[in-house]
Amino acid sequence: MGSRASTLLREEEIEEIKKETGFSHSQITRLYSRFTSLDKGENGTLSREDFQRIPELAINPLGDRIINAFFPEGEDQVNFRGFMRTLAHFRPIEDNEKNKNSSASEPLNSRTNKLLFAFRLYDLDRDDKISRDELLQVLRMMVGVNISDEQLGSIADRTIQEADTNGDNSISFNEFIKVPPVDGEQDY
Amino acid sequence: MLLLLLTAGTGTGAGTGAGTGTGAPPLRGPALRSSPPVPASPSASPPLLLLPKPRAEYGAPGVASARSAAEEPAGGGGEEAGEQHHHHGGGFRVVQWEWSYVQTPYIIAIWLLVASVAKILFHFSQRFTTVVPESCMLILLGLVLGGIVLIANKKQLYQLEPALFFLFLLPTIVGDAGYFMPARLFFDNLGAILMYAVVGTLWNAFCTGFSLYAAKLVGVIDERVHADLLDFLLFGALVSAVDPVAVLAVFEEVHVNDTLFIIVFGESLVNDAVTVVLYKVYISFVEVGAENVQTVDYFKGVASFLIVSIGGTLVGLVFAVLLGFITRFTKKVRIIEPLFVFLLVYLAYLTAELFSLSAILSMTFCGIGANKYVEANISQKSRTTVKYTMKTLASIAETIIFIFLGISAVDKTKWAWDTGLVSCTLIFIFIFRAMGVIGQTWVLNRFRLVPLDKIDQVVMSYGGLRGAVAFALVVLLDGEQVRAKDYFVATTIVVVFFTVMFQGLTIKPLVKWLKVPRSTSRKPTINEEIHERAFDHILTAVEDIAGLQGYHHWRDKWEQFDKNYLSKLLLRKSVYRKSELWEAYQKINIRDAISVIDQGGNVLTSARLSLPSMTSRASFPEVTNVTNYLRENGSGVCLDLQVIDNVPGAKVEEDMETHHVLAENLYKPRRRYQSAYSRHFMPLGEKERQDREVFQRNMKSRMETFKSTRHKRHKKERSLKKRRGSDSKEDGNEKPRRNVSWQDKDPVVVPVESEEEKGEHSDPEKEKEEDEGITFVARKAETPKIRPKSVPAALEGCHSPPAAPYSPTSEDSHLPWKGGVGSPPPCVSVEATKIIPVDLQQAWNQSISSLESISSPPAPAEPVHPRVSALSRLGGPRPASYTPPGSLAGSTSSVGAQVAQGSFCFPEKKEEEEEEEEEEEEGALQEMRPLMSSLRPPGAMPPPPQPPPGSAPGSGKRRNPCVYLRSFVTAPPPPPPPPPPPPPGDSRSRGPTQL
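Those protein sequences? They're chains A and B, same order as listed.
Here the first sequence stands for residues 17 to 204, where the numbers follow this note's numbering.
Here the second sequence stands for residues 201 to 1195, where the numbers follow this note's numbering.
Read the hints as simulated data drawn from the structure, not as lab findings.
Among the hints, a few may not be true.
[What the hints assert, rightly or not] Sample of chain B residues facing chain A (criterion: CB under 10 Å; computed from the structure):
{"#": "1", "residue": "A690"}
{"#": "2", "residue": "V694"}
{"#": "3", "residue": "H731"}
{"#": "4", "residue": "F735"}
{"#": "5", "residue": "H737"}
{"#": "6", "residue": "I738"}
{"#": "7", "residue": "V742"}
Since the structure is predicted, the reported quantities are computational estimates derived from the model, not experimental observations.
In this text, a Cβ means the ideal position worked out from N, Cα and C, and glycines have one as well.
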């Protein structure tokens, strides 16, 4: 299935994606072959089911959230461009990029955008705040069943307290940015 | 100790002399006991008898001459002992001393006992074992034992016999490693592994050899070491092999990441082929004499390498196929299933030895290849048996090897010390290992997506442990042809000791120091901890989505092949049969229940955590209402007295506890968890449990979302006005259904438009309206393929009749979708086998198909709901795609024209499923029915012993059964999870709301 490889990807398309996401040519073609192999419906887009069919995601506690992150609001299909756009968040920031990117607005893989991506995984209602409930949900996803809800609740409280600087009992994006250590998300 | 001495003493008396003891089959020993010069089966009694080295049997391909010579020194020691043989005299005695009769098995058993007891002792002190690797302890124990025996007998009796090593000890270890090798990781890194194994070993061998020769010419190495270039090359070859036993022993205690582990471990497995071939070639060169070697011979050497390694691999694969095929037919004789596994894997090893191919490769590939099919074919019990037995054997073998290493080192007769040689060797192997690793990594990193960083390289260089393989090879040398043999032996022993003891001891601190250089400076905050973990999960997920390894083309091809031919040939037809599935789930459930009960105490004690935490931070009292409440009323709940001590200022402690709990309970990202392979622990611990938990939870939430998307989509439309929708599901019943069609139908439409309209779904709201119409029409017209996208908008008015039954719509939509996806699931299941615990594989399969099917039935809320709850009850994504015919009829009945289609298509699918399901699962269905009819089936059926996937199900209604389930299982029933925030206006948030 995955064999109908990059031939379907037109050069100009590659160029555009390259410009938009900063991936290299070979990366794009490789990801495209991955894309097509995921695309069991062979219709040029991925549905949620296509993602859900990736076995590793089934055992990833945040799997479904991440899948959701691939879909623009309100849509159930993602095409290759969108796919790449999401993946571009995970491209490492290269050294030479740091200097030259004055031209473009903000590259998708900037630190802020990376963090925003992560932030969005928590922030379900898109109010740019991580509420206690939202945090609890994520926590619940990430911990085993051995931990009780009260414990979890208190952990969530602590977490929010720790990060919350303006006292609104939620973590805003600005607060969120300050929290995580500056370890890069370094794949790609 | 005493026992040991005893056996040692008696061993002397019985110590079979007769250097002629060649190739007696193992069990002959006892039978021939009366004949004085017992050719006492060297291969059977090997652990103890130092003497006769069997001539022809054991592997080490092509070293026959070396072997015969190697017998000389050892044989010499044996002669005297052999004479005072058991001449226990005539006359009738009431009680006879039948030592010679039981000697061999007795001694073996005693050895195993000593080894096992030693293990227990080592693990007594947890703190001690975390510092000192077990292999070091075993070697030390060996030294002590050897010393005692030496003192008692004036000479060393027990030695690591090459035959014993190659025929029995090594195969058990390699077999275990191969069978439980994380195949996917192995193949993911195959390129790197081969590179390090082949190029790296050649590099090490040649460089060490030449450098030692140079050192000799310069004069660093003493004159007495009579060796020329060839000898040094030979020595370099045998001493450069990284040893799987030692690497395993040390690396599984040092928790490095999976990739690193698999590379070093894989290298050590594969480089055996290289070492053995090099060794063989050199030996033959030495025999011929350096001056007689012709150019052709070099090419022969290369050819030999290829043949040995490829041949070994092929033999292994042949046996893997055989094994898979045989286990396909063992349904009636479950009891011998494990035996087949052991026999065939061992036969793969022996067969490779027979043709002097690489036995290690053969066995490894047999294990890797057969694992998947065997695990699917054999029963759960057999699986457990295989696991435990293999682990036990390997563990024992490893223990014995290290003890023997220690013991052999005490024997002074073998020692010929030359400081120059020893120190040069140590330095050279270390330097060249490091250089080789750095050089190769540099090359590899140009191709790898995830480059190996510096830390990895350091660990790899440092992890180049030498072990018993090198030792066995050097002992096998022909003392006449390689005159410096004694020096080489001594040097090898030192090298082994140094690498295992020193490097083994220091690698752990080194890894720690390198990995977390900052961790000492500052404790991470809770936020950091959580977010970091979340990031890890995200990254692994994205890696998985992007398919990081990037050789999917071939993997896909392979999977196709596997699916089409291999699985058909090797997998039992009944593997996917529901009855077994049902059985499996029962087992999982029971196991889960037991584990939950086991942890009951845990839950209780850890419950206190919620109490002390949040010690009144006045600034945000309202946040802490839950905890405050608990704290105030907590005294009753508090079971742990320590809480009382936990007065003010305990913030630190409380923090620590939180950290502790988090560290304990946070799921670990897939790639990070170690114990991909561990000798001492069943992999079914953390990892599998976690996988199962997450898997079940994910599947459940998927199922729920799948249906609740209807509601949500519906809500979304309305939520444009009203952001915070209520939780109520009932009102979602009507419109949402229609929307499902939109969701499901998309795949149909898109193929048509994909060229022009890719990525133009700019206005979801609008489109939704349109799409809804589309589907409807499309199915009516039955020409979904040609229908242009724009049409529906125009048609939108005509349908969307108020009466328009949602069910048919969703049904239609299901069909095309299914058409597109119908085949993949099996294929996926193949892929899934690598990731998902065996127990869950079928579940995986089913869940995929049930995901399909769940969209298909018109499914009023009730049928869906029981499905979900049944799912959770069954311990996982149990398909439960059975839809009562009644509901189908009911929902479709109102639909004039559509019914035709609906009933036309749906029954087809239903039939398929029922064919499979109903026969074997009548019982299950019976149990599920109550669920379907009533929402809350209190004790109607056996308690569902599934650990609650603590997430809060999507809606109040649906949650109930879960809460019920949970309270049933966990001793202190946790309150229902906080209601999920309504997902206003965000149709993206499928999983989230289900939390």
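Here's how the hints hold up against the structure:
1. A690: violated, 47 Å
2. V694: violated, 41 Å
3. H731: holds, 5 Å
4. F735: holds, 6 Å
5. H737: With a minimum Cβ separation of about 4 Å from chain A (threshold 10 Å), the hint on B:H737 holds.
6. I738: Check passed: Cβ of B:I738 comes within 6 Å of chain A, closer than 10 Å.
7. V742: Hint holds; B:V742 Cβ to chain A Cβ min 5 Å, cut 10 Å.
Consistency note: the structure conflicts with the earlier hints numbered 1, 2.
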